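**Q** These are the residues of each chain, in order.
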Amino acid sequence: MNPQFIADGLVAGAMIGLGAIGVTLTYSILRFSNFAHGEFISWGAYATLLTAGLIGYLAPSSNEGYGPFSVGWGVLVAGLIAMVLTGLLAVLLDRLLFRRLRRKGASITVVMASFGASMALRALLEFLFTSSPRYFSRDLQIAVPVVPGIRVTPDQMALLGMTVTLALAVHLILTQTHMGRSMRAVSENPALARVLGIDIDHVIHITWLLGGALACASGVMLGLVVQIRPYMGFDMLLPLFASAILGGIGSVPGAIIGALVVGVSEAATVQLIGAEWRAAVAFLLLIAVLLIRPSGLFGKRV
Amino acid sequence: MPDLLGLVAYGSFFLAIIGINAIGCLGLNLQWGQTGLFNVGIAGFIAIGAYTSALLTTPATTDHIGGLHLPILIGWLGAMITSGLASFLVGAATLRLRSDYLAITTFGVAVTVHLVTLNAQSLTGGSFGIAFIPRPFETYASQPAVFGLANLALIVAVVVVLYVGLERLVRSPWGRVLRAIREEERAAASLGKSATRYRLQAFALGGAIMGLSGAIHASFIGFIAPDNYLSSVTFQIWTMLIVGGSGNNLGAILGAALIWTTWSATGFFTGMVFPPEQQARAAALQIVAIGLILSGTIVIRPRGLLGERTTVSRHLNG
Amino acid sequence: MKTTVLRVENLVAGYEPGLPILNGASIHVNAGEIATVLGPNGAGKSTLIKAIAGLVPKVSGQVCLGDRDITDVPAHRMIGNGLAFVPQTENVFATMTVDDNLRLAAGVMRSKSALVRVDELYGFFPDLARQRRLLAGRLSGGQRQMLAVARALIVSPTVLMLDEPSAGLSPKLVEIVFQKLLEIRATGISILLVEQNVRAALGIADRATIMVEGRNAHEGAAATLADDPIVASLYLGASKARLPATEARP
Ligand SMILES: Nc1ncnc2c1ncn2[C@@H]1O[C@H](COP(=O)(O)OP(=O)(O)OP(=O)(O)O)[C@@H](O)[C@H]1O
Ligand SMILES: [Mg+2]
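Taken in order, these protein sequences are the chains called P, V and F.
One point on numbering: in this note's numbering, the residue at position 39 of the first sequence is 39, and numbering is uninterrupted.
One point on numbering: in this note's numbering, the residue at position 74 of the second sequence is 74, and numbering is uninterrupted.
One point on numbering: in this note's numbering, the residue at position 122 of the third sequence is 122, and numbering is uninterrupted.
There may be inaccurate statements among the hints.
Partial chain P-side listing against chain V, Cβ under 7 angstroms, derived [said to hold, decoys possible]:
1) L97
2) A280
3) P294
Ranges of calculated distance between the beta carbons of each label pair, as one might list FRET restraints [as the list claims (entries may be wrong)]:
4) V:M272 to P:L168: 52 to 60 angstroms
5) V:R301 to P:H178: 53 to 61 angstroms
6) P:H178 to F:P17: 33 to 41 angstroms
7) P:L291 to F:P17: 37 to 45 angstroms
8) P:G161 to V:L230: 32 to 40 angstroms
9) P:H178 to F:E183: 24 to 32 angstroms
10) V:R301 to F:S60: 27 to 35 angstroms
11) V:L89 to P:V84: 41 to 49 angstroms
12) P:R151 to F:T95: 38 to 46 angstroms
13) F:C64 to P:H178: 27 to 35 angstroms
14) F:L115 to P:H202: 19 to 27 angstroms
Honestly, the hints are just simulated from the structure, not real lab data.
What you are looking at is a predicted structure, and each value in this text was computed from that prediction instead of being measured.
No residue lacks a Cβ here, since even glycine has one placed at the ideal position from N, Cα and C.
Chain P on its own, in the form it takes in the complex (with noise of 0.2 angstroms):
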């Protein structure tokens, strides 16, 4: 077997661990599983991409090729920009939707509101931006071997090292400061979070600032590597959820681990069976996590 799948697959996997992160996050401190924030992915990187076009236009230099990057400055900047207003766009979403239906109680009910979003959202996008593929830059890049027989190009090199980054600060975050400490109280007991002075519903808005950041990033690296479509965040949801799930649900680590356990196990189908194949690689991780071990390698119950 060639090993050329292990880059791969870490490359695919980095960018499924940006997501999951969020999934896992959302499902700590609400207590559900959101079918929209794979719509978070596809909305980060058409933001993105409109955001660099603008850029684009009021400085032109900022859409060369930076070194031997496939995009320039341009798409950085507004890849940052975009994760804000991604995490705005979950806010509201929660504003608009979720919270309502939190306040009744209802848990399950809010899955399913989840699910109605999605499509709304993806076939606006779909509406806004057609089926047809977008691109932040048309520049081949050529793959340089990095050890014997796995050949890494420039750009993907920079998403792994970003991911990195990403998700070391996300681990900071929830160790080191009070809003981390807040969230993971929250997670574990909400009213005793409130009883020493934790404002819930002020943790809930960092949650999913967070959460849509990082699947704006996500989205930006999938944009980058592969393509963007008003689908390509739907065509994730599956390999998040495994991931997280695989990762037992509520653990950060546990969900950049089962991400990348994702992302090979998908990158060595493609090679030995066929790239055809590769949706259903997450859904038997899924099955196999839920018989084997349902609260995953590092949860605690479910």
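Let chain P serve as the given structure and place chains V and F with the ligands on it in line with the hints.
**A** Leaving out everything else, chains V and F with the ligands in the frame of chain P:
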């Protein structure tokens, strides 16, 4: 008067589609409305039914395996068995876990079934799908009005039989246990393993009914392809049940009628407004509209139009 | 005349609309005292303390902290008003370390001095200082209770409310925990103590209120209540709880 006949043909086609959706919706009502089980893979279970029936009833062919040329009714029965079995397996794996896991797993089922229909060429005909599926009353096909009415009558008959059967089931001791499980998770816990068994039965039966809906649709249209079974189907059926009133079989049927009418009307409207090259794009607006209807109903009127009848709920305390 | 730091008047509250658990409960805590609320199982003691803390919806009545009306203050603002609460069960974050539990409470204050306070409390609870890196879920019952109390003290509250801190503890540990409560009172913090353990509670309290079926049925100085036959009858009327025949200080 060919115009009138055309209208009858169109009208009966329209109503037949409503009936087929209503069947799927009744299946969902058994799972969600009565038992509180959250299925996000309806399209997958419908597809399993449609393909089973197609493989059983089509004439011998070299395009795919199957082609057993069995009677249509056998095809429908086979569809119920395979979809029911698939639901049973999914339920057995996930019903003892958190309710979200059932949702995620059924979602995965739909994705995977779609993948199989697309890629397992020899089984499903791949992206071209399966054609020449025998239709009931095929001999009248040259007279669209008669053909349409005959099929409509058959579908209405199925809906009525299902409705009556499900209503009796709802009122039976079995149905009461289901609702008790749904309403009172804690009381259900005291039922222990048997609670899971009841839920599993309801989930499998609901899945079988969805499979039947897919089989009837396949037999009615005579042609199936993977893209008939995208998540938008799941989404439509859900909206039908929520708008009509989950927990109420009549609501399921009413919802099917209302949402299908809305769907067709918005399709007609976007067809008028947007130029032909923009049609695909405009179709997305239909989904946005349905999405807004679904979300709006959940927030503003979670009981739907009809809601669960109080005569039914009263059993809870009795 | 003593100043009252916490006053609850005619409180009606419950978990579900139309089903009040408290039917007009009135209690008060004077400055620098330990006031205790006693009563049989299911009397509504926990509901009372949770309603004061803002965790159970109030239908009518009034809660005042000093001269501030805090009836409608949301639960997470109570701390800022000087009211701290230690719940009966699940009162520590089991998946976080002892240190994180305390820092979490300190973080709410948004000031550097709160972190200094964490160290002060380690001094006050030396056992916790030794186990600061341990997950709170690994602590013994007594240490857990100490952690919960320490965490509530981080904010230097005016009033500290405790729901059955003796629950599940051995008599020896109860004595240690209650000794801490006396030390806390000595620092000027007023305490509202809800208890099942009548003997121990009356032992350290200045004043006691007996609650039955959601309202206060009897009230008096702790020292006299222990021998009061009315108390025994209120208790025995509702449950089989035993009362001490004679007052016994721990
Ligand atoms: N979360 C809740 N939801 C609904 N009812 C509750 C809830 N918690 C307690 N109750 C009810 O409120 C009443 C009073 O309970 P509460 O816990 O206040 O009693 P208590 O005096 O603290 O008893 P104990 O000494 O056993 O702790 C009981 O009838 C109980 O069933
Ligand atoms: Mg209590």
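**Q** Could you run down the list of hints and mark each one as holding or not?
**A** Going down the list of hints, with the structure as the test:
1. L97: 6 angstroms, holds
2. A280: Interface hint status for P:A280: holds (5 angstroms vs cutoff 7 angstroms).
3. P294: 5 angstroms, holds
4. V:M272 to P:L168: 52 to 60 angstroms: 54 angstroms, holds
5. V:R301 to P:H178: 53 to 61 angstroms: 41 angstroms, violated
6. P:H178 to F:P17: 33 to 41 angstroms: Taking Cβ atoms as reference, P:H178 and F:P17 lie about 35 angstroms apart, which means the hint holds.
7. P:L291 to F:P17: 37 to 45 angstroms: Roughly 43 angstroms apart at Cβ, these two residues keep to the hinted range, so it holds.
8. P:G161 to V:L230: 32 to 40 angstroms: Since P:G161 and V:L230 have Cβ atoms about 37 angstroms apart, the given range 32 to 40 angstroms holds.
9. P:H178 to F:E183: 24 to 32 angstroms: 29 angstroms, holds
10. V:R301 to F:S60: 27 to 35 angstroms: This hint holds: roughly 31 angstroms between Cβ atoms.
11. V:L89 to P:V84: 41 to 49 angstroms: 44 angstroms, holds
12. P:R151 to F:T95: 38 to 46 angstroms: Given a distance of about 42 angstroms, which is inside 38 to 46 angstroms, the answer is holds.
13. F:C64 to P:H178: 27 to 35 angstroms: Distance hint for F:C64, P:H178 holds at roughly 30 angstroms.
14. F:L115 to P:H202: 19 to 27 angstroms: Roughly 21 angstroms apart at Cβ, these two residues keep to the hinted range, so it holds.
Hint 5 alone, counting from the list given before, is not met by this structure.
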